[in-house]
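Q: Each chain, letter by letter, is given below.
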Amino acid sequence: MRSVGALAIVMALSMLATGGIALAGEPKQGGILRIYHRDSPGSASIHEGATYSVNVPFMPVFNNLVIYKQDVAQNSMDSIVPDLAESWAWSADKKTLTFKLRQGVKWHDGKPFTSADVKCTFDMLMGKSPQKFRQNPRKAWYEQVNDVTTNGDFEVAFNLKRPQPSLLALLASGYTPVYPCHVSPAEMRTHPIGTGPFKFVEFKANESIKLTRNPDYFKKGLPHLDGIEFTIIPNRSTAILAFVAGKFDMTFPTEVSIPLLKDVKSQAPNAICEVEPNNVSTNIIVNSSNPPFDNLDIRRALALALDRKAFIQILFEGQGDIGGSMLPAPAGLWSMPKEMMEQIPGYGPDINANREEAKKLMQKAGYGPDKHLSVKVSTRNIPVYRDPAVILIDQLKSIYIDAELDVVETANWFPKVARKDYALGLNLTGNAVDDPDQSFYENYSCGSERNYTNYCNKDIEKLFDEQSVETDMTKRKKLVWEIDKKLQEDVARPIIFYARTGTCWQPYVKGITVMVNSSYNGYRYEDVWLDK
Amino acid sequence: MFAYIVRRLALMLLTLFGISIVIFFLLRIVPGNIVDILFAAAGYVDPADKANLERQLGVDQPLVVQYLHWIGGLLHGDLGYSYVSEKPALDEILPRIPITARLAGLALLFSASVGIPLGVLSAVKQGSRLDYALRVVSLSGLSLPSFWLGLLILTASVAMFGEIPIFNPDPKTWGELFATYCIPAMAVGFRSSALTMRITRSSMLEVLRQDYIRTARAKGASDASVNFHHALKNAILPVITVVGIEAAFLIGGLIVTETVFNIPGVARFLVEAIRWRDYPIVQNLVMLIAVVVVLANFTVDMLYAVFDPRIRYSD
Chain H
812 MRSVGALAIV MALSMLATGG IALAGEPKQG GILRIYHRDS PGSASIHEGA TYSVNVPFMP
872 VFNNLVIYKQ DVAQNSMDSI VPDLAESWAW SADKKTLTFK LRQGVKWHDG KPFTSADVKC
932 TFDMLMGKSP QKFRQNPRKA WYEQVNDVTT NGDFEVAFNL KRPQPSLLAL LASGYTPVYP
992 CHVSPAEMRT HPIGTGPFKF VEFKANESIK LTRNPDYFKK GLPHLDGIEF TIIPNRSTAI
1052 LAFVAGKFDM TFPTEVSIPL LKDVKSQAPN AICEVEPNNV STNIIVNSSN PPFDNLDIRR
1112 ALALALDRKA FIQILFEGQG DIGGSMLPAP AGLWSMPKEM MEQIPGYGPD INANREEAKK
1172 LMQKAGYGPD KHLSVKVSTR NIPVYRDPAV ILIDQLKSIY IDAELDVVET ANWFPKVARK
1232 DYALGLNLTG NAVDDPDQSF YENYSCGSER NYTNYCNKDI EKLFDEQSVE TDMTKRKKLV
1292 WEIDKKLQED VARPIIFYAR TGTCWQPYVK GITVMVNSSY NGYRYEDVWL DK
Chain S
88 MFAYIVRRLA LMLLTLFGIS IVIFFLLRIV PGNIVDILFA AAGYVDPADK ANLERQLGVD
148 QPLVVQYLHW IGGLLHGDLG YSYVSEKPAL DEILPRIPIT ARLAGLALLF SASVGIPLGV
208 LSAVKQGSRL DYALRVVSLS GLSLPSFWLG LLILTASVAM FGEIPIFNPD PKTWGELFAT
268 YCIPAMAVGF RSSALTMRIT RSSMLEVLRQ DYIRTARAKG ASDASVNFHH ALKNAILPVI
328 TVVGIEAAFL IGGLIVTETV FNIPGVARFL VEAIRWRDYP IVQNLVMLIA VVVVLANFTV
388 DMLYAVFDPR IRYSD
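Chains as they are written, first to last, in this note's numbering: chain H, 812 to 1343; chain S, 88 to 402.
Simulated from the structure, these hints should not be mistaken for laboratory data. All figures in this text were calculated on a predicted structure; none of them were measured in a lab. Incorrect hints may appear among the rest.
Each pair of labels, with its calculated beta carbon distance range [to be verified]:
| # | chain 1 | residue 1 | chain 2 | residue 2 | range |
| --- | --- | --- | --- | --- | --- |
| 1 | H | Lys-939 | S | Pro-175 | 30 to 38 Å |
| 2 | S | Glu-173 | H | Asn-1192 | 21 to 29 Å |
| 3 | H | Glu-1220 | S | Leu-161 | 24 to 32 Å |
| 4 | H | Pro-1080 | S | Thr-260 | 24 to 32 Å |
| 5 | H | Asn-1192 | S | Ala-188 | 30 to 38 Å |
| 6 | H | Val-1086 | S | Arg-216 | 50 to 58 Å |
| 7 | H | Asp-1283 | S | Asn-139 | 39 to 47 Å |
Backbone N, C-alpha and C fix where the C-beta goes; we use that ideal spot for every residue, glycine too.
Make a model of the complete structure from these sequences and hints.
A: Take a look at the structure:
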């Protein structure tokens, strides 16, 4: 009898314990999430921005039609979930994408959300609205959209010129929120109105950004936090020290460099830190319109001279990845297999053999030990640009190229690139969506505003379209690999490496997911909560 | 004395007019404007959008028209709109002034209240261990860059107390208030106090060797009376000059200190505005700083007249 009693007590205790654990895992309501911000964004309008400095603080103010599931680290078609849309459907010819919209959703100023808002947003993005954005950096994303039509207040259709399955991926990006029709673009830059989990409170330039909980959020029970406060601290050392001292619950996402990460771990051993790729490639823009790089042999020699591992080892203590124009696996979905990549000139593991081949090409072009080629490597005057440029200059010495560093202030960098006033440029390219359509059309398509080198290959252009309409993922992947290989062989924009960066948060912060194949899509923060 | 003041005031206005021209045209000489930066940040350029934006902001107008527009507005109290935040420039600048003013005032106070007494002490105890120690302190003050000192203070605070004295917009205790203003003020005022100490010391040493000091001692005046009443009063003029110049130079030190301690003051805001080529903010802020510097110099001139009657009478 006594043993039965003891067993009952043990069972009761264990049930309590299990219950306790379950309770401990339950999200708690309340609290303000304090994050430091790396700089003062130029405006609060995500559609007019081209940096995640805007997405991080303002994505929680908005909703998209669809969104990448915020607790899945790898963005893919499978992780896209409805947001302002309840559901979506493709027409049989794959040329119409129809969304059924949620009913009863309100903007933060109390006005109802309808399909007219969706139409307004995308008409503005396509440049078809009388209201204009001051800047519209992602207009090209909607190149294949003929128009957006509404059917009543809660249905909207995107009518395409040709099938483009990846339109859905673009719509799920943090860069694609739905804006209210009744608020002007100018107001959205200073006082954004959204439907999202957090309402905008204030944005003091160079000081802070404050958001507060939206009590009328259409997702019941969310968000868990009472608000989010971003303190703008441009000085990295101060910011990291403040995080270590507990002034902040979280660092600015993907902003902690590998050496600083060591400091954080040694001074705040309880902090949780993750190092992930951020889908930003460091690459070389080659001016192939003018001598000497109009000579394909010299461009190929340049590609063969690169020791990519050395870049990664020196700059990131080995924490980086080698790839083509698509983010390398396992984080990236579209990268070519390693065996295929190693066949591309300059990607083979034997650096000395590559450089011997490069020297032969240089000699063929008229250069050699007695006649070096003198060029300038231009780059922005920012460490993430400048540091790899210095290593590049050092590596070019091995193939008779004497390069000189030409640092350019940010204000002058793009005008310089646009007027082709450079020979070689060290550049960074961030991809908002891990999808070939975004990368290929934006960076390599003839006439694209971001195709800085004006690389134009009509044969590859056809392949871009071919992969873009392809609905079979396996077939599309093979096409993408073929394109990527050709782009690297053509030395269109030699990719040097993809960096990995760190994000840290205090152990009581729960529900943070660092996305591994984009730095632009994971900042809704509606699931984040504080366990304290 | 009246003529002296009027002449100084007229000179002040002329200086400010000159500064307005210099800053306006210097800003335009720097390559790139706000539109270039906005498009550089976006990584693309649409010529039509660019032209439209330049027209909206008025940066496509002839420089003389832009200058007259700015000065006309300034004289009417209209400072224009920030290109970046699109808010009135006055609304952006005004809240930041008290923060920087407090910081600068405290730094000057620290500089004078530490530098002058220690300078006197060092001079009076010339050749002693204390003198050597104070000279080492003053030399280190002149050698340490304020950003490095600031970072050192922050690192030490975190390591020793687990706290970081960065800006707190809403200090609730005296301790928080001290951390918010006094520590950064000491960091930026340290260099200036070192300079004040050295100038006070050398000026005092010169005065202490004068005949009238010997006479004062012979009369039986106390050490305190000789040092502070007879000597310091005559040694203070170069010190006032240095403190006046330091008040002007302080803004340079504040840019760094405000960045390291994350203080949202005028100095850091100015750097950000220059980065964005936010002309209305930069022009008006520089004019504000120019007014402060010119006023500081005017005050120094007035103090000269107060402390040295020869200046008053000769003018």
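Q: Take the hints in turn and mark each one as holding or not.
A: Verification of the supplied hints:
At roughly 33 Å, the beta carbons of H:Lys-939 and S:Pro-175 sit within the given window of 30 to 38 Å. Range check, S:Glu-173 to H:Asn-1192: Cβ separation about 27 Å, and the 21 to 29 Å hint holds. Here the CB-CB span from H:Glu-1220 to S:Leu-161 is close to 28 Å, well matched to the stated 24 to 32 Å. H:Pro-1080 and S:Thr-260 have their C-beta atoms about 29 Å apart, which keeps the hinted 24 to 32 Å range intact.
At roughly 32 Å, the beta-carbon separation of H:Asn-1192 and S:Ala-188 lies within the given 30 to 38 Å, and the hint holds. The hinted window of 50 to 58 Å between H:Val-1086 and S:Arg-216 holds, with their beta carbons roughly 54 Å apart. Remark: the range hint 39 to 47 Å for H:Asp-1283 to S:Asn-139 is upheld by a beta-carbon distance near 43 Å.
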